Amino acid sequence: MVVISVIIVLSLIIGIAVFTLSNQVGKVGVTIDVLPSDAKITVDDKPIGTTAYITPGVHTFKATKKGFRDATTVLSISESRNTVSLLLPANSVEAQIWYNSYPDQQKVQSLSDKSANERGMTMHTRFPLIDKLPYIDIGGPFAIDYGFTGTANADIYFTIHDSTPAGRIKALQWIKDKGFNPAELDIRYEEFINPLKNGGNQS
Amino acid sequence: MNRRYLIAVVAVILIIIACVGISYLNSTYLISVKYTDVHDVTIDNISESQVGGTSKTIATVTKSGDSVRVNKGVPYYVRYKGNTNYADGFVSVSDTDNNVTIIPDYSSAKYTELMDSVLPDIITLLKQKYPIVESTYTIKPVAMKARGEWLVARLDYKGNYSNNTDTLRALFHKNGNTWELVAEPDILFTEYKQKNTPLDILTWANDAF
Chain X
255 MVVISVIIVL
265 SLIIGIAVFT
275 LSNQVGKVGV
285 TIDVLPSDAK
295 ITVDDKPIGT
305 TAYITPGVHT
315 FKATKKGFRD
325 ATTVLSISES
335 RNTVSLLLPA
345 NSVEAQIWYN
355 SYPDQQKVQS
365 LSDKSANERG
375 MTMHTRFPLI
385 DKLPYIDIGG
395 PFAIDYGFTG
405 TANADIYFTI
415 HDSTPAGRIK
425 ALQWIKDKGF
435 NPAELDIRYE
445 EFINPLKNGG
455 NQS
Chain R
7 MNRRYLIAVV
17 AVILIIIACV
27 GISYLNSTYL
37 ISVKYTDVHD
47 VTIDNISESQ
57 VGGTSKTIAT
67 VTKSGDSVRV
77 NKGVPYYVRY
87 KGNTNYADGF
97 VSVSDTDNNV
107 TIIPDYSSAK
117 YTELMDSVLP
127 DIITLLKQKY
137 PIVESTYTIK
147 PVAMKARGEW
157 LVARLDYKGN
167 YSNNTDTLRA
177 LFHKNGNTWE
187 LVAEPDILFT
197 EYKQKNTPLD
207 ILTWANDAF
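Sequences listed follow chains X and R, in order.
If you're matching positions, the first sequence starts at 255 in my numbering and goes up one per residue.
If you're matching positions, the second sequence starts at 7 in my numbering and goes up one per residue.
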């Protein structure tokens, strides 16, 4: 009976080990540094802990806690980029007091710097089109540039300017040709005034 | 001793059989297909069809509700032919989304017929919100989607060329029997302006012409 028990236990151990390892194959071990440390963390809307195995590629990391503003970062995870920093800004007096009395202020500052750096990367990950801007097509004619909306999630708007109706069509086609979906972008036109704006009484 | 040995051998064999069984079940999954208004429903292996250039049918679904067991890790789609007034099409299948319900779209001929019939309604709707629209633009429905639930119309400027004479698009959604204008007609729809409309609909409307 002892032999059978040993065989069954060994089979179970091997099975669990194989299952665990197979779940990690092709994935990257990611460490998430978060403050406050008891904030709820999700990756692509699925709850995770402060360490997780994640498929390489673009993922959205989000941390939430009552009294604090949500912290979101979109990063392209790879073997060389396997840490995520999430610092939840205070959104209440209690949260501000919590930060002020946090014993390791150096950690707060360090995480704040890393978060800011990752927000910059988020911007490029979410809107890779900005790497190709500004762009000017004299023959279009059109020019495309971008600006910041000033929100916490590093949102960006794109302006099509120095353009004619024909140029605007070409500008949108240029965005598509670069592999981007204009419907996903906040696109604004500097010269165009929609004749139907406000029911067609804009003039 | 012999009996113990026999029991051990039986236990090992049972564990091996269980492992093989679990491994098989773990490496396959069932695709369940429900459908109406279509025929010739098959399950095709996408990767093989790409290699060979022709579709590789691995199973035929003879009646709605049938299930077919397939290997994991291989991309499949369920292909079908539409009955009269319905379009042919396919649905992608994955091992996490394997209950397929085929709701075929209308055929092009059916949509052409529908668009002709709804033109007066959408002109009336546009005029209610934009009294100048009919005198300023030529209005023409150009595409419908989701069995006529969505409609995109093209608004071509009638007057002389100036910097605001862009062709606009108007997006309508049918709520019950009533058409609703989803957003102010614009050069392009984006999820930043049209926050309550699905991205795939906005993309479709932008690509309609």
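For the record, the hints were derived by calculation from the structure and aren't laboratory data.
This one's a predicted model, so the numbers in the text were calculated from it and none came from an experiment.
Any given hint could be a false lead.
To be verified - Restricting the straight-line Cα-Cα distance to at most 20 angstroms, the calculated cross-link-like pairs of lysine to any residue (SDA-like) are:
id, chain 1, residue 1, chain 2, residue 2
1, X, Lys-432, R, Asp-206
2, R, Lys-199, X, Arg-442
3, R, Lys-133, X, Asn-448
4, R, Lys-201, X, His-415
5, X, Lys-424, R, Lys-69
6, X, Lys-320, X, Thr-337
7, R, Lys-164, R, Leu-205
8, R, Lys-69, R, Arg-85
9, R, Lys-199, X, Ile-410
10, X, Lys-316, X, Ser-265
11, R, Lys-78, X, Thr-309
12, X, Lys-451, R, Lys-78
13, X, Lys-451, R, Arg-85
14, X, Lys-432, R, Leu-205
15, X, Lys-320, X, Thr-309
16, R, Lys-133, X, Gly-454
17, X, Lys-430, R, Thr-130
To be verified - Covered by chain R, per the in silico footprint, the following chain X stretches (three or more residues, Cβ under 8 angstroms):
id, region
18, 292-305
19, 366-372
20, 424-437
As the list claims (entries may be wrong) - Computed from the model, here is a short list of chain X residues facing chain R with C-beta under 8 angstroms:
id, residue
21, Gly-321
22, Thr-418
23, Gly-453
Ideal Cβ positions, reconstructed from N, Cα and C, are used throughout, including at glycine.
Checklist entry - For the pair supplied as a hint, Lys-164 of chain R and Leu-205 of chain R, is the alpha-carbon distance within the 20 angstroms limit? => result violated (30 angstroms)
Checklist entry - Against chain R, is Gly-321 of chain X within 8 angstroms by beta-carbon distance? => result violated (27 angstroms)
Checklist entry - Hey, Lys-320 of chain X versus Thr-309 of chain X, does the alpha-carbon distance stay inside 20 angstroms? => result violated (29 angstroms)
Item to check | Evaluation of the interface hint that places Thr-418 of chain X against chain R, nearest CB under 8 angstroms | outcome: Holds. Min distance 6 angstroms.
Checklist entry - Lys-424 of chain X and Lys-69 of chain R: Cα distance at most 20 angstroms? => result Violated, because 49 angstroms separates the two Cα atoms, which is more than 20 angstroms.
Checklist entry - For the region 292-305 of chain X, do at least 3 residues have a Cβ located nearer than 8 angstroms to some Cβ of chain R? => result With 0 residues in contact (Cβ-Cβ under 8 angstroms with chain R), the coverage given for the region 292-305 of chain X is violated.
Checklist entry - Do the alpha carbons of Lys-320 of chain X and Thr-337 of chain X lie within 20 angstroms of each other, as the hint requires? => result Between Lys-320 of chain X and Thr-337 of chain X the Cα gap is close to 24 angstroms, so the pair fails against 20 angstroms, i.e. violated.
Checklist entry - Are Lys-199 of chain R and Arg-442 of chain X close enough, with their CA atoms no more than 20 angstroms apart? => result Holds, at about 10 angstroms.
Checklist entry - Against chain R, with CB atoms and a cut of 8 angstroms, does the hint on Gly-453 of chain X hold up? => result Constraint on Gly-453 of chain X satisfied, holds at 6 angstroms.
Checklist entry - Holds or violated: are the alpha carbons of Lys-69 of chain R and Arg-85 of chain R at most 20 angstroms from each other? => result holds (14 angstroms)
Checklist entry - Quick one, are Lys-432 of chain X and Asp-206 of chain R close enough, alpha carbons at most 20 angstroms? => result holds (19 angstroms)
Next on the checklist: What's the verdict on Lys-316 of chain X and Ser-265 of chain X, does the C-alpha distance respect the 20 angstroms limit or exceed it?
Outcome noted: Given pair Lys-316 of chain X, Ser-265 of chain X is violated - Cα atoms ~39 angstroms apart, limit 20 angstroms.
Of the numbered hints stated above, those contradicted by the structure are hints 4, 5, 6, 7, 10, 12, 13, 15, 17, 18, 19 and 21, listed in ascending order.
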